[in-house]
Amino acid sequence: MTSSSAPAAPARLPVLLAPEPSGTSRLRRFAAPITYTVLGLVDILVFGLRAHGSATFAFSPQFAKISVPNLVLPAAATCYVLGGITLALAVLRLLSILGRLTLGPVARRVMLGVVLFAFVVSLIAWADAGQSIPFNVVNLLQGTLNVSIPIMLGALTGVICSTSGVINIAIEGQLLLGAFCAAIATSVTGSLWLGLVCGALAGSLVAVLLGLFAVSYLVDQVVLGVVLNTLVLGLTGYLYNAIMVPYGDTLNNPMTFTAWKFPGLGDIPIIGPVFFDSTIFLYLTYILLALVQIGLFRTRWGLRTRAIGEHPLAADTVGIRVIAMRYRNVIVAGLIAGIGGAYFTIGSVGSFGPNMSSGEGYIALAAMIFGRYTPFGAIAAALLFGFTTQLQSILSSINVPIQSNLLLLTPYVVTIIVVAGLVGRVRGPRAEGVPFIKS
Amino acid sequence: MTTPPQAEPAATPPAGADKGREKSPRKSFGTILRESFLEGNTFTVTVLALVTATVLGGILCAFTNSTVLHAPTAGATISRAWDVASGTYVALFEGSVFNPHTIAALFQQASLSTAVHDGYLAAVFQPLSETAVQATPLILTGLAVALPYRAGLFNIGGQGQFIGGAIMAAWLGYDVHLPIVVHVVVCVIGGFVGGAVVGWFTGEIKARTGAHEVIVTIMLNYVMQYFLAYLLSSQSLLQASGSPYPITPSIASNAHLPLLFGSNLRINVGFLIALACAFGVWWLLNRTTTGFEFRSVGANASAARVAGMNVERSWVLVFLIGGGLAGLAGSAVIQGTDFTLNPQSYGTYGIDAITVALLGLGRPGGVVAAGLLFGALHAGSPGMQTITSTPVQIVQVLQALIVLFVAAPPLIRAIFRLRAARAGGVGSTMSKGWNA
Numbered sequence: 001m002t003s004s005s006a007p008a009a010p011a012r013l014p015v016l017l018a019p020e021p022s023g024t025s026r027l028r029r030f031a032a033p034i035t036y037t038v039l040g041l042v043d044i045l046v047f048g049l050r051a052h053g054s055a056t057f058a059f060s061p062q063f064a065k066i067s068v069p070n071l072v073l074p075a076a077a078t079c080y081v082l083g084g085i086t087l088a089l090a091v092l093r094l095l096s097i098l099g100r101l102t103l104g105p106v107a108r109r110v111m112l113g114v115v116l117f118a119f120v121v122s123l124i125a126w127a128d129a130g131q132s133i134p135f136n137v138v139n140l141l142q143g144t145l146n147v148s149i150p151i152m153l154g155a156l157t158g159v160i161c162s163t164s165g166v167i168n169i170a171i172e173g174q175l176l177l178g179a180f181c182a183a184i185a186t187s188v189t190g191s192l193w194l195g196l197v198c199g200a201l202a203g204s205l206v207a208v209l210l211g212l213f214a215v216s217y218l219v220d221q222v223v224l225g226v227v228l229n230t231l232v233l234g235l236t237g238y239l240y241n242a243i244m245v246p247y248g249d250t251l252n253n254p255m256t257f258t259a260w261k262f263p264g265l266g267d268i269p270i271i272g273p274v275f276f277d278s279t280i281f282l283y284l285t286y287i288l289l290a291l292v293q294i295g296l297f298r299t300r301w302g303l304r305t306r307a308i309g310e311h312p313l314a315a316d317t318v319g320i321r322v323i324a325m326r327y328r329n330v331i332v333a334g335l336i337a338g339i340g341g342a343y344f345t346i347g348s349v350g351s352f353g354p355n356m357s358s359g360e361g362y363i364a365l366a367a368m369i370f371g372r373y374t375p376f377g378a379i380a381a382a383l384l385f386g387f388t389t390q391l392q393s394i395l396s397s398i399n400v401p402i403q404s405n406l407l408l409l410t411p412y413v414v415t416i417i418v419v420a421g422l423v424g425r426v427r428g429p430r431a432e433g434v435p436f437i438k439s
Numbered sequence: 440m441t442t443p444p445q446a447e448p449a450a451t452p453p454a455g456a457d458k459g460r461e462k463s464p465r466k467s468f469g470t471i472l473r474e475s476f477l478e479g480n481t482f483t484v485t486v487l488a489l490v491t492a493t494v495l496g497g498i499l500c501a502f503t504n505s506t507v508l509h510a511p512t513a514g515a516t517i518s519r520a521w522d523v524a525s526g527t528y529v530a531l532f533e534g535s536v537f538n539p540h541t542i543a544a545l546f547q548q549a550s551l552s553t554a555v556h557d558g559y560l561a562a563v564f565q566p567l568s569e570t571a572v573q574a575t576p577l578i579l580t581g582l583a584v585a586l587p588y589r590a591g592l593f594n595i596g597g598q599g600q601f602i603g604g605a606i607m608a609a610w611l612g613y614d615v616h617l618p619i620v621v622h623v624v625v626c627v628i629g630g631f632v633g634g635a636v637v638g639w640f641t642g643e644i645k646a647r648t649g650a651h652e653v654i655v656t657i658m659l660n661y662v663m664q665y666f667l668a669y670l671l672s673s674q675s676l677l678q679a680s681g682s683p684y685p686i687t688p689s690i691a692s693n694a695h696l697p698l699l700f701g702s703n704l705r706i707n708v709g710f711l712i713a714l715a716c717a718f719g720v721w722w723l724l725n726r727t728t729t730g731f732e733f734r735s736v737g738a739n740a741s742a743a744r745v746a747g748m749n750v751e752r753s754w755v756l757v758f759l760i761g762g763g764l765a766g767l768a769g770s771a772v773i774q775g776t777d778f779t780l781n782p783q784s785y786g787t788y789g790i791d792a793i794t795v796a797l798l799g800l801g802r803p804g805g806v807v808a809a810g811l812l813f814g815a816l817h818a819g820s821p822g823m824q825t826i827t828s829t830p831v832q833i834v835q836v837l838q839a840l841i842v843l844f845v846a847a848p849p850l851i852r853a854i855f856r857l858r859a860a861r862a863g864g865v866g867s868t869m870s871k872g873w874n875a
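Sequences listed follow chains A and B, in order. The opening position of the first sequence corresponds to residue 1 in the working numbering, with each subsequent residue numbered one higher. The opening position of the second sequence corresponds to residue 440 in the working numbering, with each subsequent residue numbered one higher.
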């Protein structure tokens, strides 16, 4: 929304600036049908030909009140059918590019979704073919949501900061400090809620530093983010060894939030256990997603935020206090990443460990760009990363002969492909990373 | 000779031109250092940043120490805090520059020849040797960040490029059998190529599609990390046969980088390679047309394009060379000290490199100085942890604080109430967005 409505900047007008290489644009034009074809062929030739026996999909968690019957499919045939569908969609896409067929943006997105879905189902069918253990779809989806919580919240933080015109690479540091402070606060006070609040505040503490150096001292924001991450990584690692290891019982022994089933909704088969039977963190993620989406696109705050990210000078001219607003947005956004960090310690693991966020802040950053700087897009991209992680862990638990490391690196390759613009160009807010100097 | 009064206005333009030349990046490091020192600009800010970071680091380690926290009185707290902080820094110094005890031990020996023979002389130089060993990959990866930085690009991909170089160096080191000098050279070149391929990929994507190099390099770091894990997970690939751990076989002794001062000191040819690379980068940037193009592209890509320079070519080339330098760091670690490759080999070099390049203000000479400083911190930290029980992570905190303050000259000026200087720090020189 924000990117497409941006006015064409004068820098783009002269022809001699940024000439488009012709070979790449042709490749980009046909990228979608080519990708579909490749995926369809993989469905048929790799998964279909090598799948023997039948694959079982389970749809209810163990000990569920209402159980859904398992779905047993002949694996090879499933792969062939899904591969065929994918190839058919590739042809449709090609026709639309050649002008024989008109496809709206919604139709194209649905097509991409179907292709990816077909690919994943073929992969699972091949993986589970001939296995005695059924593949539990609910476990996969439930785990995906939980694994993605820090990435989703971090990505939401990134969306708010970027929309306000501040590059936030320090999401990683916000997550890590949030995890650290939540663990200490909960251990000392014995209150999970206080821990959650402290985690959120820790996230915004990093954001205060980010704002101070980026908005007031005009430090390059990419450099700054990396340095802040190093600072938090060093600081938490240091404090972990200096105070948490010797006083582990009192400082690093937090409780964790237990799962709370949403009354009524939680009992719906499949949907209930996936979406409405989790810790407070998942519900907070829903609320925050809704708040950020409505806030950015339906309120005066959102309009002003987008204005200071696109054209701070114009915003300043109409009386918006750009610097104050950037500060406020960055600090408030920091609260969200802090909550995401708190999930590591008081949401899942139950104790702090050095470098606990292990780069998920960077993944959140990628998810934000992947999701085209929109809240829903960022959440969807974050779920994709979480999905791969969860799929890998389930597949390795049922002894599938698949290279887990290769599976784990796929989302990163996909992100490079997306960022490279082969699947549509991503453009951020115009003034992102450019400090505003009030003259 | 007296100057006519009307000549004074005419004398102003040359002074202005002189000022303009001072700001151009063509100056050598020595000139910059001298001018900055005299004028109180960047150099003063850097020194004050070091001082501030040192003080903050000292406060941190003093007030997390259990003896300080359990002090009975306020006076005791302060004196114990001083003891802990100074003890930490003294231990760091003794582990990285020189330790008086080793000198004392040297003078207790009967003659110089026995001292040399028994390794007492080596013990004196052992801290410096360790500093050089630790500085080697830091300088090389620091150059890998600094060179693209001068062309206006930010290379966070040091880790991925390091892994690329390390994979090649390790593989050529154990799987190929060559005569003594040839093997070292082949492995070092292999390391360069391995890193250069990863770097080239980033540059190529940036040049062809305009994708932001920061995101591409972050993603490539993960790709390379998992790719390494994949290579080390199967004995048909790189894993040592019979080993339950993800580790390669040891490289052949022919592929070890030769030691410079005998077997007691770990300092090796890798350090010389790093210095040579720093000189090479300086020469490339300041004495060649290609380097001029790099700097022009970094200063203003649009202007460089209008002037007929191939901006995309510069992007690709700068990332190719930068990646190669990070790959050389991988080869220096594998061939100089580790001799095998495992998932811990790449450490935190990718992030450390950024701090080195920033502290070095993106200049080769500065990178060497910053690499030696951080190398000294790394070399001294294990001994410091043993002696003072201050965790080694204090080094990472110090590094980040130093760079944070170096990158924000206005903050340092505000703290120390300096007047605004003409030259800004590294942070204020290139503040631009994703879309630039």
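Hints in this document: simulated from the structure, not taken from any laboratory. Every residue gets a Cβ at the ideal spot worked out from N, C-alpha and C, and that includes glycine. Mixed in with the good hints there might be a few duds.
Here are the in silico distance ranges between beta carbons for each label pair [claimed, not checked]:
#  : chain 1 : residue 1 : chain 2 : residue 2 : range
1  : B       : Phe718    : A       : Leu212    : 45 to 55 Å
2  : B       : Ser672    : A       : Phe117    : 25 to 35 Å
3  : B       : Thr728    : A       : Leu98     : 15 to 25 Å
4  : B       : Thr825    : A       : Val188    : 25 to 35 Å
5  : B       : Ser672    : A       : Val72     : 53 to 63 Å
6  : A       : Leu71     : B       : Ser672    : 49 to 59 Å
7  : B       : Val490    : A       : Val188    : 48 to 58 Å
8  : B       : His509    : A       : Gly319    : 48 to 58 Å
9  : A       : Ser439    : B       : Ser741    : 21 to 31 Å
10 : A       : Gly359    : B       : His509    : 47 to 57 Å
11 : A       : Phe117    : B       : Phe502    : 28 to 38 Å
Not the full set, but computed from the structure, chain A residues with beta-carbon under 7 Å of chain B [claimed, not checked]:
#  : residue
12 : Phe213
13 : Asn241
14 : Ala242
15 : Ile243
16 : Asn253
17 : Phe257
18 : Ile416
19 : Val419
Against the structure, the hints:
1. Judged by the Cβ atoms, the range 45 to 55 Å given for Phe718 of chain B and Leu212 of chain A is violated: they are separated by roughly 38 Å.
2. For the pair Ser672 of chain B and Phe117 of chain A, the supplied restraint of 25 to 35 Å holds, since their beta-carbon distance comes to about 29 Å.
3. Checked against the hint of 15 to 25 Å, the pair Thr728 of chain B and Leu98 of chain A fails, with Cβ atoms roughly 45 Å apart.
4. Judged by the Cβ atoms, the range 25 to 35 Å given for Thr825 of chain B and Val188 of chain A holds: they are separated by roughly 30 Å.
5. For the hinted restraint 53 to 63 Å between Ser672 of chain B and Val72 of chain A, the CB-CB distance of approximately 32 Å leaves it violated.
6. Under the hint 49 to 59 Å, the C-beta atoms of Leu71 of chain A and Ser672 of chain B, about 33 Å apart, miss the expected range.
7. Here the CB-CB span from Val490 of chain B to Val188 of chain A is close to 34 Å, at odds with the stated 48 to 58 Å.
8. For the pair His509 of chain B and Gly319 of chain A, the supplied restraint of 48 to 58 Å holds, since their beta-carbon distance comes to about 56 Å.
9. With their beta carbons about 23 Å apart, Ser439 of chain A and Ser741 of chain B fall inside the hinted range of 21 to 31 Å.
10. Range check, Gly359 of chain A to His509 of chain B: about 37 Å between beta-carbon atoms, so the 47 to 57 Å window is missed.
11. The hinted window of 28 to 38 Å between Phe117 of chain A and Phe502 of chain B is violated, with their beta carbons roughly 55 Å apart.
12. A hinted interface residue such as Phe213 of chain A counts as satisfied when its beta carbon comes closer than 7 Å to some beta carbon of chain B; here the least separation is about 5 Å, so the hint holds.
13. Given the 7 Å rule on beta carbons, the hint for Asn241 of chain A holds: about 4 Å separates it from the nearest Cβ of chain B.
14. For the restraint placing Ala242 of chain A at the interface with chain B, the shortest Cβ-Cβ distance is roughly 4 Å, inside the 7 Å limit, so the hint holds.
15. Taking 7 Å as the C-beta cut-off, the interface hint given for Ile243 of chain A holds, the closest approach to chain B being about 6 Å.
16. Annotation: Asn253 of chain A was flagged as interfacial toward chain B, and the flag is violated, the nearest CB pair being 18 Å apart, outside 7 Å.
17. The beta carbon of Phe257 of chain A comes no nearer than 29 Å to any beta carbon in chain B, farther than 7 Å, and the hint placing it at the interface is violated.
18. With 7 Å as the threshold, the beta carbon of Ile416 of chain A comes within range of chain B, its nearest partner Cβ sitting at about 5 Å, so the hint holds.
19. The interface hint given for Val419 of chain A is met, as the beta carbon of that residue sits about 4 Å from the closest beta carbon of chain B, less than 7 Å.
Hints 1, 3, 5, 6, 7, 10, 11, 16 and 17, counting from the list given before, are not met by this structure.
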